[in-house]
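Colleague: Under the numbering used here, the first residue of the first sequence carries the number 1, and numbering increases by one thereafter.
Listed next, the in silico DSS-like pairs over lysine-lysine satisfying Cα-Cα at most 25 Å (straight line): (1) K234 <-> K73; (2) K222 <-> K75; (3) K196 <-> K234; (4) K222 <-> K73; (5) K234 <-> K222; (6) K196 <-> K73; (7) K222 <-> K196.
Note that these hints are calculated values from the structure, not bench results.
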Amino acid sequence: MPEGHTIHRQARLQRAALAGERLRIWSPQGRFAAGAARLDGRELDDIEALGKHLLYRWDSGDTLHVHLGLFGKFKTFKSDPPPPTEMTRLAMANHRAVVYLAGPTICELITPEDEDGLRTRIGPDPLAEPRAGRRFAGNLSRRRIPIGAALLDQQIVAGVGNVYRAEVLFKCGIAPQRPADQLDGSDASALWSIIKSELRAGETAGRIVTVGPNDVGVRARKDIPPQERLYVYKRDGRPCRRCGDMVLRTEMANRLIWWCPTCQPC
DNA sequence: GGGTGATGCTGAG
DNA sequence: TCAGCCTCACCCC
Numbered sequence: 001m002p003e004g005h006t007i008h009r010q011a012r013l014q015r016a017a018l019a020g021e022r023l024r025i026w027s028p029q030g031r032f033a034a035g036a037a038r039l040d041g042r043e044l045d046d047i048e049a050l051g052k053h054l055l056y057r058w059d060s061g062d063t064l065h066v067h068l069g070l071f072g073k074f075k076t077f078k079s080d081p082p083p084p085t086e087m088t089r090l091a092m093a094n095h096r097a098v099v100y101l102a103g104p105t106i107c108e109l110i111t112p113e114d115e116d117g118l119r120t121r122i123g124p125d126p127l128a129e130p131r132a133g134r135r136f137a138g139n140l141s142r143r144r145i146p147i148g149a150a151l152l153d154q155q156i157v158a159g160v161g162n163v164y165r166a167e168v169l170f171k172c173g174i175a176p177q178r179p180a181d182q183l184d185g186s187d188a189s190a191l192w193s194i195i196k197s198e199l200r201a202g203e204t205a206g207r208i209v210t211v212g213p214n215d216v217g218v219r220a221r222k223d224i225p226p227q228e229r230l231y232v233y234k235r236d237g238r239p240c241r242r243c244g245d246m247v248l249r250t251e252m253a254n255r256l257i258w259w260c261p262t263c264q265p266c
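Using the sequences and the hints given, assemble the complete structure.
Modeller: Written as structure tokens, this is what we have:
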């Protein structure tokens with residue numbers, strides 16, 4: 001479930017489980033065999049999350065770059081780990097924990113130049129740089145594309161994916177069709193705040209829950225049942241939780257997006 | 001057991 | 001703009 005909140009959560013949990021120790025590294029699938037052989041037995045210094053990217057720093061000076069893409073998944077075991085499957089691209093283990101990685105789009109060692117290139121082609125990450133709201137607003141003001149498309153562009157803001165783009169636009173009352181460069185300063189600032197708080201909540205909870213408890217009649221976010229955790233995502237044809245109007249669906253930036261025409265007027 | 005779609009992104013044309 | 005890639009949960013038969 002890889003939007004930015006997942007990546008930051010994985011960085012935090014894996015850092016706690018693995019960093020500061022020499023690790024056993026191998027590639028059961030074999031597709032990262034050379035990189036794994038190079039890292040095996042080295043100490044992991046730190047893990048950094050950058051938008052949807054993870055950077056693992058090793059005492060050898062090497063940097064491992066992982067991007068989960070749409071399908072990539074981590075599995076962590078604290079005790080009695082099952083053997084990895086033949087789909088496991090990367091396995092990392094110490095005496096306390098084992099982390100398996102399967103299905104990533106990217107799992108490779110990168111040079112400092114590669115890393116510079118990565119940093120220049122992604123925009124501000126609300127979880128890593130919470131005070132970068134002005135850069136975000138500036139990025140929006142330079143793009144004549146719908147805001148619904150702009151939020152998926154990782155050069156504008158890093159870490160937002162298809163669920164959060166629909167949900168944060170709903171929470172801000174902004175129609176996805178509105179041109180990014182037409183948002184005024186207060187819209188951009190409200191959007192940045194909501195993106196930050198929602199990603200943070202997702203990082204903490206380990207799942208995406210955007211609805212306020214009041215809207216589904218329970219006391220706390222953690223009591224919200226799975227099918228009621230979102231306002232609009234994949235809810236086309238069903239009544240809006242706020243106003244009762246029909247949630248609509250359209251395609252934007254090659255992905256489907258959902259919105260409420262009453263709560264998010266054009 | 002097969003088909004499908006998914007919280008992502010790139011490169012060819 | 002579109003095909004392609006990575007994997008698996010879920011649906012339907």
